[in-house]
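Hey, can you work out the whole structure from these sequences and the hints?
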Amino acid sequence: MTRLFRLTGTLPDGVVTLFWLLFLAVVWSVSVRLLNIPDYILPSPEQVLGLVGSKFGYFLAHAASTLTVIAIGFGCGVAAAVPTGLALAKVRLLEKALYPFVVFLQAMPLITLVPILIIWFGYGVVAPSILVGFSVFFPVLVNAVAGIRSTPDRLYFVTRTMGASTLQTFRYIDWPAMLPYLMSAFRIALAVATTTAVVSEFLASNDGLGFAALIGARNRDTQQIVAVVLITALIGVVLNSLSLLLETKVMRKYRG
Numbered sequence: 001m002t003r004l005f006r007l008t009g010t011l012p013d014g015v016v017t018l019f020w021l022l023f024l025a026v027v028w029s030v031s032v033r034l035l036n037i038p039d040y041i042l043p044s045p046e047q048v049l050g051l052v053g054s055k056f057g058y059f060l061a062h063a064a065s066t067l068t069v070i071a072i073g074f075g076c077g078v079a080a081a082v083p084t085g086l087a088l089a090k091v092r093l094l095e096k097a098l099y100p101f102v103v104f105l106q107a108m109p110l111i112t113l114v115p116i117l118i119i120w121f122g123y124g125v126v127a128p129s130i131l132v133g134f135s136v137f138f139p140v141l142v143n144a145v146a147g148i149r150s151t152p153d154r155l156y157f158v159t160r161t162m163g164a165s166t167l168q169t170f171r172y173i174d175w176p177a178m179l180p181y182l183m184s185a186f187r188i189a190l191a192v193a194t195t196t197a198v199v200s201e202f203l204a205s206n207d208g209l210g211f212a213a214l215i216g217a218r219n220r221d222t223q224q225i226v227a228v229v230l231i232t233a234l235i236g237v238v239l240n241s242l243s244l245l246l247e248t249k250v251m252r253k254y255r256g
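Letter 24 of the sequence shown, counting from 1, is numbered 24 in my numbering, and no numbers are missing.
By construction, these hints were calculated from the structure, which means they are not laboratory data.
Backbone N, C-alpha and C define an ideal beta-carbon position, used for all residues, glycine too.
Treat the hints with care, as some may be off.
[To be verified] What follows is a list of derived Cβ distance ranges for each label pair:
1. Leu245 - Leu155: 26 to 36 Å
2. Tyr172 - Thr195: 31 to 41 Å
3. Ser184 - Ala80: 13 to 23 Å
4. Ala191 - Ala79: 11 to 21 Å
5. Arg218 - Thr166: 22 to 32 Å
6. Arg218 - Pro109: 19 to 29 Å
7. Ala87 - Phe56: 27 to 37 Å
8. Phe23 - Ala87: 42 to 52 Å
9. Ala79 - Ala107: 18 to 28 Å
10. Phe56 - Leu246: 27 to 37 Å
[As the list claims (entries may be wrong)] With a cut-off of at most 20 Å between alpha-carbon atoms, the simulated DMTMM-like pairs for lysine to aspartate or glutamate come out as follows:
11. Lys55 - Asp221
12. Lys55 - Asp207
13. Lys55 - Asp39
14. Lys90 - Asp153
Below you can see the structure in the form of structure tokens.
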């Protein structure tokens with residue numbers, strides 16, 4: 001086993017991830033057979049993959065709907081959080097007035113908003129997207145504020161002395177200071193957004209992976225439920241890898 005860990009340590013990250021996924025699949029398959037676990041409790045990976053292959057279009061359509069919710073909610077959440085964070089970091093009075101309200105919204109269970117969102121917008125993409133936007137807003141906001149607050153005051157003194165405009169100060173001081181924090185926030189927010197999107201689709205949508213899992217639960221179809229779980233996990237891994245790749249490229253350009 002020690003030699004195995006040493007071997008995987010010399011391989012590329014993608015190969016290592018694939019190796020461990022295959023290893024877990026083998027353990028899962030063997031365990032189901034050795035323990036004689038009934039299919040309705042836990043199907044084997046072969047059964048799940050067979051179901052996904054036979055209903056590929058079905059799962060692809062629901063995955064596309066979930067990705068749409070994630071994209072809309074994430075985009076709106078970030079678009080609202082970054083300028084809000086900048087305003088709160090720059091204007092202390094505004095921070096004292098609004099930050100408690102922001103914390104109140106974050107502390108409120110998002111699931112309690114589902115009934116009113118269904119009444120306002122009906123079933124579809126809008127209500128889950130709003131919930132995803134709320135879940136993304138707070139971590140991005142907090143990191144945006146922290147990034148700006150990390151800037152030494154002497155840099156602002158230099159920019160004022162040199163007569164820099166507000167836009168120039170943002171471009172050369174605030175944005176570079178905020179960017180590393182935002183990159184980290186995006187990785188956290190994408191994971192939260194994926195979970196929120198699927199959970200919200202249980203109640204507020206007629207499409208998406210959450211809805212597909214709900215249909216599986218109603219039909220007592222364990223294979224479909226497990227398939228949704230695995231597809232959701234795959235989406236989370238892919239989004240995390242893309243955000244890490246973006247972070248690496250952006251930070252390399254920023255530092256270079």
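Structure-based check of all given hints:
1. Leu245 - Leu155: 26 to 36 Å: Because 30 Å falls inside the window, the suggested range holds.
2. Tyr172 - Thr195: 31 to 41 Å: At roughly 37 Å between Cβ atoms, Thr195 and Tyr172 fall inside 31 to 41 Å, so the hint holds.
3. Ser184 - Ala80: 13 to 23 Å: Given about 19 Å between the Cβ atoms, the range holds.
4. Ala191 - Ala79: 11 to 21 Å: holds, 19 Å
5. Arg218 - Thr166: 22 to 32 Å: violated, 56 Å
6. Arg218 - Pro109: 19 to 29 Å: holds, 24 Å
7. Ala87 - Phe56: 27 to 37 Å: violated, 46 Å
8. Phe23 - Ala87: 42 to 52 Å: At roughly 49 Å between Cβ atoms, Ala87 and Phe23 fall inside 42 to 52 Å, so the hint holds.
9. Ala79 - Ala107: 18 to 28 Å: holds, 23 Å
10. Phe56 - Leu246: 27 to 37 Å: About 28 Å separates the Cβ atoms of Phe56 and Leu246, which means 27 to 37 Å holds.
11. Lys55 - Asp221: holds, 14 Å
12. Lys55 - Asp207: holds, 15 Å
13. Lys55 - Asp39: holds, 18 Å
14. Lys90 - Asp153: OK: Lys90 and Asp153 at ~12 Å, within 20 Å.
Going through the hint list in order, the structure does not satisfy hints 5, 7.
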